[in-house]
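A.B. asks: If you want the building blocks of each chain, they are given just below.
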Amino acid sequence: MSDTILWYATRGAGVVTLILLSGVVVLGIVSSMRWQTPAWPRFLTTGFHRNLALTTLAFLALHIITAVVDPFTALGWNAALIPFSSSYRRFWLGLGVVAVYLLLAITITSLLRPLFGYQAWRAVHWLAYAMWPVAVIHGIGTGTDTRFLWMWAIEAVCIGAVVAAAAWRWGRTSPTAWREVRVNG
Amino acid sequence: MDRLLSGPPLTAGAESYGAHQQRFGLLPAAAARSLIGRLEASNLAGRGGAGFPVGRKWRAVAERANRKGVVLANGAEGEPLSLKDRTIMAARPHLVIDGAVLAADAVGADDIIFYVGAEHQAAEAAMRYALTERSADLRGRARLIQAPRGYVAGEESAAVHFVNAGDARPTITPPRPFERGVGGRPTLVQNVESLAAAALVARGDDAGTSLATLSGAVRRTGVMEIGLDATLAEVAASGGGLVRPVQAVLLGGYFGGWVDINDVWARPLAPGSLRAHGHAFGCGVLYFLAEETCGVEATARIIGYLASQSARQCGPCLFGLGAIDAACRRLAARSAQPDDLKRIARWSGQLAGRGACKHPDGATGLLRSALGVFADDYAAHQRGFCVHRAPAVGRPVAMAEAVA
Amino acid sequence: MREQLQVDRIRCDGHGLCAELLPEVIALDDWGYPIVKAGTLAPALLEHARKAVAACPVLALTLGR
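Protein chains in written order, with our numbering: chain A, 68 to 252; chain B, 132 to 535; chain C, 31 to 95.
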């Protein structure tokens with residue numbers, strides 16, 4: 068009975084991580100677009116982005132730990148720490164490990180930003196555009212729930228949201244276009 | 132009374148090392164040791180525009196240099212109405228070099244850079260040749276670097292930035308050049324006229340004169356050496372007198388401000404006397420604005436130039452000056468929007484101190500002086516008409532070289 | 031404890047989060063760039079100031095003596 072709980076916890080935490088991570092990426096893009104309304108100042112977007120990221124890490128930790136200690140999966144800590152070293156779905160699981168390392172780099176440089184400086188922080192943060200798709204593909208490839216419609220629906224919403232946000236950002240003509248419109252001196 | 136420019140006439144070209152030595156004797160190298168103290172006692176003010184005490188600047192560098200300091204002789208002269216720096220470099224290069232060598236010995240520098248505006252061809256040629264004549268003196272310590280064109284290229288952090296990285300844009304201070312400058316070393320950035328004046332102080336002179344550049348409605352335009360206590364009336368007289376009735380004078384260049392002629396005509400141009408009335412000698416520009424010329428239009432041209440010369444690094448300068456420029460141009464063209472005058476007043480109060488360098492401060496300072504001196508004209512232009520007969524023809528910028 | 035807010039004017043890109051988090055001291059000009067009220071910071075605002083410093087996307091705001 069307890070074995071199944073760990074197994075369900077891994078899968079559940081994985082799905083929650085996917086949803087939260089997608090939200091974090093969307094909020095990050097909205098931050099860079101400087102979107103705001105009179106009722107929604109920008110510090111709310113950046114604040115949510117940060118807090119949601121930390122919450123994501125909590126669920127990610129749960130996802131990893133329950134997967135490793137679960138006797139059913141027979142994954143040792145090596146599988147979680149060394150990419151592409153597991154015997155179970157080696158490639159798809161390995162992608163997950165890669166995504167975790169990328170996320171850790173982004174997180175640490177963000178938490179210690181004054182130490183790393185703006186340029187280094189920004190360079191590493193761009194890795195988010197690599198980290199998120201790798202995490203999504205890991206989920207689809209390793210996921211035991213991908214055969215369910217509800218899982219597909221969740222994937223569709225998450226992927227759709229991030230793609231829409233990225234398209235919105237990519238479509239912006241220039242980084243300062245918003246400012247040039249405001250100036251009518 | 133001539134001291135900085137005493138000797139052969141300016142039109143005779145650069146004074147050779149031989150002639151310089153005949154007039155002044157050898158460089159009093161021993162004087163370097165006590166020179167900082169004498170500069171402090173003489174209260175010699177810097178001639179680059181800010182008027183910062185020369186002795187205090189040398190002292191600050193000397194305290195940090197540890198014999199690895201740098202002297203940067205600033206001859207960029209980006210101020211369009213000023214000709215004095217290129218003139219003194221072109222005609223008296225050895226006096227400038229004397230000052231730089233004395234400065235290097237006094238503060239403990241092993242590197243001397245002559246930063247000369249690329250467009251000042253006669254000055255650059257004269258300095259280059261003079262440096263070859265002085266190779267024994269300089270012992271390989273000196274080099275000449277061409278400053279790029281542009282108003283802010285002569286700003287001290289911009290000069291250092293250009294030498295370090297080829298980018299003549301101002302940087303964030305602190306640290307200032309006297310703390311960390313060229314190659315990270317304490318650097319003395321000093322105007323070339325100030326160095327020449329220091330060379331006179333080292334020889335026992337009191338450096339009681341200053342170089343001014345006259346332009347506008349005065350008979351003889353160009354560079355003139357004036358006594359520090361001369362009044363504007365005396366200076367104008369030395370310049371052959373005014374050719375037309377004058378309403379105002381631009382004191383100190385684009386970085387200075389307009390002054391009503393009656394407020395300054397009989398006043399000594401000494402820094403103390405000017406400061407007491409809120410004016411500054413700056414880099415010695417004296418542009419006489421004729422009565423018939425429209426001050427609103429003249430100011431709009433200057434603001435347009437200053438806005439175009441922004442290094443575009445800081446939002447308030449880039450956007451603020453841009454907006455002010457557009458509004459000034461509309462006012463000058465007598466097609467102002469209803470709020471333009473109010474907006475200009477508001478914006479010019481907002482920009483000071485909000486850039487990395489003092490460029491927005493200078494521009495808004497000039498504008499505020501214009502709004503005061505030409506208040507009636509601005510009001511008229513806001514309502515769509517101008518009382519002046521002749522609109523400002525041509526720009527009060529870039530005059531011919533005064534020295535062949 | 032005389033702390034003052036400093037803005038790196040070159041790095042500042044007019045994001046404006048500082049003004050959202052510390053409106054008592056920081057206002058924005060017509061183009062979104064910060065105008066910092068002169069003088070030292072009231073001790074009661076110090077914590078808010080630190081949050082504003084952390085919130086700046088380009089690390090242009092610093093708190094120093």
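No lab work stands behind these hints, which were simulated from the structure alone. Note that the structure is predicted; figures quoted are calculated from it, not measured. From the three backbone atoms N, C-alpha and C, an ideal C-beta is built for every residue, glycine too. Honestly, I wouldn't trust all of these hints.
Which residues of chain C face chain A? A partial, calculated answer using Cβ under 8 Å [claimed, not checked]:
{"hint": "1", "residue": "H45"}
{"hint": "2", "residue": "A85"}
{"hint": "3", "residue": "L89"}
{"hint": "4", "residue": "L93"}
Lysine-lysine pairs mimicking DSSO-like chemistry, simulated, CA-CA at most 30 Å apart [what the hints assert, rightly or not]:
{"hint": "5", "chain 1": "C", "residue 1": "K81", "chain 2": "C", "residue 2": "K67"}
{"hint": "6", "chain 1": "B", "residue 1": "K199", "chain 2": "C", "residue 2": "K81"}
{"hint": "7", "chain 1": "B", "residue 1": "K489", "chain 2": "B", "residue 2": "K473"}
{"hint": "8", "chain 1": "B", "residue 1": "K199", "chain 2": "B", "residue 2": "K473"}
{"hint": "9", "chain 1": "C", "residue 1": "K67", "chain 2": "B", "residue 2": "K473"}
A.B. asks: Hints broken by the structure, by number, lowest first?
C.D. replies: 4, 6, 8
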